[in-house]
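Here's the letter readout for the chains.
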Amino acid sequence: MSRSWKVRRSPATSFPVVCRAVLLFLIGLSNRRPNLVCRRIYTPNSHLPAHRMAEDFRAVTARRAKCGETMIGEGTQSTNQRRHNYVQENVEVGFFTGPTVCIGCKACEVACKEWNEVPDDGFTWIGNSYDNTGRLGASTWRHVLFLEQDCQKGNQITGLMGLSDAQSEDPFRWIFLSDVCKHCEEAGCLEACPTGSIVRTEVGSVFVQNDVCNGCGYCVVSCPFGVIDRRPQPLPDAGGAFKCTFCYDRQKSGLVPACAKVCPTESIVFGRLDDLRARASQRVEQLKQSGYEDAQLYDPQETSVRGIHAFFLILGEPEAYGLPPKPQVPTIYLKSAWTSALLTSIAALIAVLGAFLFFG
Amino acid sequence: MTTEQRLEQLREQAWDKGIVAGRGVDVTGGPIPRRSGYYGQPVVKPPVWTWEIPIYFFIGGLAGMSAVIAFAGLVFHEIDLARTAMWLATIGAGLSPVLLTIDLGRPRLFLNMLRVFKYKSPMSVGAWIVFAFGACVIPGLIALELGTRYSFGGGTDQFLKIFAHLLVIGSAFWGVLLATYTGVLLGVTAIPAWFLHRVLLPIHFGSAGLGSATALLELLGHRVAPLSALGFLAAAIETALWIWLEIDKHGAADRALHRGLPGWLIRGSEFLSGPLALILRLTNLVPLAAIAFLLGAFISRFGWIEAGKVCGRDPEAVFASQG
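Chains as they are written, first to last, in our numbering: chain A, 35 to 394; chain B, 598 to 920.
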């Protein structure tokens, strides 16, 4: 069987191609640059070629870094983007997550699942605002909260610009906040773990070693924030306890945690804990000046948890975000519980021996 | 039903009950009152433990306190009673690790429990207690049985006797801890209904263990005066603990203990092992009293675990306990 390999070119397709080539040739001759040929973004440096533009950008950010201006939104100089060696230097790191710039895109949830290969745990519709994730769990390490509240957001003006009281609407605000494991200073899960599977890393985060965990489930009830959970069957790696790893694997290689890396508005900021705490209090002041009266930091340092590595800026009360107002690490109950148990033990021994002594 | 009618129905339901059991209908600003916290989502995680753990609590308590009775029996020359009690302790010591292992998410890694010792973790301390109890009870029973059934002559008999005594003392020591540490295990958690009663729980689990060991030994035919006295004591303590639990209420924080399924389980179990067992003993119906106490002690553990699950799912309980 013979087959012809000759390419057949139909006039219908060849004609426009020829026309476009001619048009381009003519335009090229005419030295005009209409949009359809070459799109150029006009910026102050747009006369420069691409590699010069990048150099210029680096120079600008470096200059601003020298003035100590390296803050949020500094491109490659942002702590969310640049490489680091916090693990090698034993620097305490943290997440500072704020709702005021979060746009609720859930990129952090997706990036977390992608990088850590967290299995999907079912597409259930919860229907609470735009939130269908529900809560943090064994297969949800980042969770974007969608909070609908009937109170004012900053200097928000609602309704018909206050033309008349009857027409103006009630204040309403929609808040997004990306929730995550808090990596407590005094971690309930870490203290409770009987296998030594949960450890503290060089950067101060709390890490579950999956190959050591035997799934006893004691960390689940010991976490004051309800973060860690045991992964149910039939998901992959079922039976073990899972939670946010603070992307320890990425951090060891000098990379930023996946959620912070992708956050488009830098609502999640990754960096040195002391820097973040300073930045957070600055941010709260700034917000209060711009009319956000109820802005506050959620970082329970005065309770037995003694501060958290992933802390939050919140508007309003922590209860609305499902955050406990005064979280306590369960180890503070050890003393009274063991005292009771030991006294009961002694009493039981005495009672049994006494019963045999007096009634025997 | 039209959408408007459905909305009206939801509004009526909301005004009546303060809450609507549906999805996507509790948006603020809408007609429906909001659930507390973040859309009523739990703040702490409820326990993932299933039926094995309450049964383990029951068997562990019974076995541990049996070892104590065996020790007392040996001291006061009630050898038959001591042997039966040691048999109960050994069966319990064999079943406990099995139950604990079945409950693990990854049972094949159960030996990791003995990888470290962490005194701050009741689960770790408990795993070591179970291990030490088993290590004392099983050779203890073998030595006791060999010493009482066979005669090897002079030195060997003497050695077996001392060996058995030492192991039974060890069993009693670990046994009494095995019966009470389970209360610490529940008390040192973030579940309000448990940690608010962290002093009561070890006492309750200890006395329930003692009472059930006594009851089972009585059912097995050891109707002796000391056991009867211990039966009275355990039932009296259970009655007192019931009164304590009814007085020591913490409002929304531990309401799971007083209402719904766990409330009725706990109340029913305390009635069975408290007043009912006491009355049956006073009317000299010892076997019935023993059965009532055993049932009560068994149901009580399920009640406490169920209360933890209900309480853990309830955000208001957590907020109330921290308010």
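Among the clues, some could well be false.
[What the hints assert, rightly or not] Below, a list of computed lysine to aspartate or glutamate pairs in the EDC-like style, where the Cα atoms sit at most 16 Å apart:
# : chain 1 : residue 1 : chain 2 : residue 2
1 : A       : K360      : B       : E742
2 : B       : K717      : A       : E220
3 : A       : K360      : A       : E219
4 : A       : K187      : A       : E327
5 : A       : K286      : A       : E126
6 : A       : K147      : A       : D328
[To be verified] Across the chosen pairs, the derived CB separations fall in these ranges:
#  : chain 1 : residue 1 : chain 2 : residue 2 : range
7  : A       : L376      : B       : K846      : 34 to 40 Å
8  : B       : L858      : A       : I366      : 26 to 32 Å
9  : A       : G188      : B       : K846      : 41 to 47 Å
10 : A       : Q267      : B       : L692      : 21 to 27 Å
11 : B       : I840      : A       : G156      : 42 to 48 Å
Treat the hints as calculated values from the structure; they're not laboratory data. A quick note: this is a predicted structure, and the numbers were derived from the prediction, not measured. Even for Gly, the Cβ is constructed at its ideal location relative to N, Cα and C.
Hint check results:
no. : hint                        : result
1   : A:K360 - B:E742             : 56 Å, violated
2   : B:K717 - A:E220             : 12 Å, holds
3   : A:K360 - A:E219             : 14 Å, holds
4   : A:K187 - A:E327             : 9 Å, holds
5   : A:K286 - A:E126             : 13 Å, holds
6   : A:K147 - A:D328             : 33 Å, violated
7   : A:L376 - B:K846: 34 to 40 Å : 27 Å, violated
8   : B:L858 - A:I366: 26 to 32 Å : 30 Å, holds
9   : A:G188 - B:K846: 41 to 47 Å : 42 Å, holds
10  : A:Q267 - B:L692: 21 to 27 Å : 24 Å, holds
11  : B:I840 - A:G156: 42 to 48 Å : 46 Å, holds
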